[in-house]
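Residue numbers (the working numbering), protein chains in the order written: chain H, 1018 to 1437; chain P, 603 to 826.
Among the hints, a few may not be true.
Which stretches of chain H does chain P cover? Using the computed rule of at least three CB atoms under 8 Å from a CB of chain P, they are [claimed, not checked]:
#, segment
1, 1028–1039
2, 1344–1356
Listing some non-contacts, in silico: residues in chain P with all C-beta distances to chain H over 12 Å [as the list claims (entries may be wrong)]:
#, residue
3, D661
4, G749
5, D778
6, R823
Not everything, but these chain H residues come out facing chain P in the computed CB check (under 10 Å) [as the list claims (entries may be wrong)]:
#, residue
7, A1336
8, D1429
9, I1434
Source of the hints: derived by calculation from the structure; they are not laboratory data. Note that the structure is a prediction, hence the values are computed from the model and not measured. Cβ atoms here follow ideal geometry from the backbone N, Cα and C, with glycine treated the same way.
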Amino acid sequence: MINWKVILNIAKTHLLTKMKSTVTASLGVTFGIGAYITLVSFMTGLNEMLDSLILNQTPHIHIYNEIEPSEKQPIALYQEFEDAFNVVNSIKPKQSQKKIHNGLPILNYLKRDKKVYGATPQLRAQIFYLSGSIELGGNLVGVDIMEEAKLSNIGDYIVEGTAQDLKNSENGILLGAGLAKKMSLKKGDRVQVSTIKGDVFPLKIVGIYQSGIADIDNIQSYTNLKTIQRILGEAQNYITDINVKLYDINEATSMAKSFGQQFQVKATSINEANAQFETGSNIRNLITYAVSITLLIVAGFGIYNILNMLIYEKMKDIAILKATGFSGNDVQLIFMSQAMIIGAIGGIFGLIVGFVLSKLIDNVAFETEALPTITTYPINYNAWYYVIGISFALISTFVAGWLPSNKAKRIDPVRIIRGT
Amino acid sequence: MEFVLETKNINKYFEKPVEFHVLKDIFFGIEKGEFASIMGKSGSGKSTLLYILSTMDTDYTGELYLNNKLVTGQKRHELSKIRNKNIGFVFQFHYLLSEFSVLENVMLPAKKLAEKSLSEIEHDAMEKLRMLGIEKLAMQRASRISGGEKQRVAIARALINNPSILMGDEPTGNLDSHNSENVFSIFKRLKEEEGLSLLIVTHDEDFAKRTDRIIQMEDGRILN
């Protein structure tokens, strides 16, 4: 039977009489865990912000018609040349329309799919923004703005005006911030756009759109789907893109593949489109963990050292405990519980320090043109990191305590008492 | 006649630095209530024998009985329990836990045994200290008291679980004559008043002569 009360009492007395060593060892753990929490919260916060900057503007699945050459050139169908080695020079892309064939039925089908959170139609058109005699090339994207605002965070990027304003106007436009600056336009002004065919339409600026990515803000604007269909002179079923948002992002790749086969269109998933961001996040996480584990190993060596010294100092005490009837296991538990107490106290203080530091960083101003919605450094307060942190602390102190305490367990009391 | 402690044919060898036969065919027993002493020159194996009898040293051949039960071959944690409950030990050097108070030092083996409540243990410990005339020191740190007092605290600690036998490895070896006398009279009183069995290894001939029986050892054998 293990008499915890007695064991913990002895452990406590040892720790209290060696206050300096105890504090040093605990501080090592506190430092390690505090640094881990701060690092991981800040790093993942930053990761999430950077990812969302790009990923929020990328649908989970993007369906469109790709302009590309036919996979099978006509000569391959010609039986007489079946066994021949055919060379075709200057292949041209296949003649096809930009619009998605049967766009609206596909859209309705997608909206009924149980795995799909929502699907929105888009019409992307090349246009020119006219400013006096100057023509600026760019895109105009026709969207179902209310649906879009629900599925993506486009609302966050409308820096002036609202999504509702666009919906309410027949010929409104959300002008890209870069364009507005170039043409010295502001909300309420009018801007003229011209189609590739040369038709000119005046549109009213109901808001300014700023994604934070200059390349987009300098060319892209949003308007209602109906407005652009009218500008282009196309029917109401003319859509070039469908953006799909899923309930589970992990299914994007497989679903994109099946949609592509089912509808005979190009369907790309978010993972294909943004593979490099995943890589970046993974590497940053790797660095965070490498640094934290290094810190914890250093703290672990500190504990190992201090316990080792303590055990040498307490050799006689250990012998006497054993002589008076404490078993080797009891002695080991005495020293293990010291290690675990140091780990637990140091770890809990580490969590507190980490939380306070994260809070501090969270309140530091961080304003940048590129990120209109961000005002302070991003911090990710994920409870899991705190669970991992305290587990780290306990595991590393357990390992650091195990070796010295095992030595204490095996000390032969006779040798110590007889002084040989 | 009932033996508290009995050995049958105990032999022990030291392997290092060279093989050496320390104990040769040890047969003997301690009766209940007997105050015995072991004498012999240094190197005669008397301390070695004592540590085997104390169950701390398990590296021997032969059989050791405590209260007529075979102890030899038991597992280590069982031996710890036996030591805790049945054997009190006093060393040449006092060996108290210096960070604890005198009272806590005395209470520790009883807390480990955990047969009594904390208040009972405390009461018992105070009782033992009073019997040895050091109850005033109860709350002192063990490192703050004199050598003679420490040895008495060690005796109180050895007695706390009311053991079957009290063993001593030169308990007076490090004390002046006044304190030695004191310790001897405590042992004598324990034998007479409480009927305790005692086995003391000593160099001190005067001490040994006043015990019930002297066990003489030479070259690993018991002579008488």
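Taking the hints in turn, this is what the structure says about them:
no. : hint      : result
1   : 1028–1039 : holds (count 3)
2   : 1344–1356 : holds (count 4)
3   : D661      : violated, 9 Å
4   : G749      : holds, 16 Å
5   : D778      : holds, 21 Å
6   : R823      : holds, 21 Å
7   : A1336     : holds, 7 Å
8   : D1429     : holds, 8 Å
9   : I1434     : holds, 6 Å
Of the hints listed earlier, the one the structure fails to meet is number 3.
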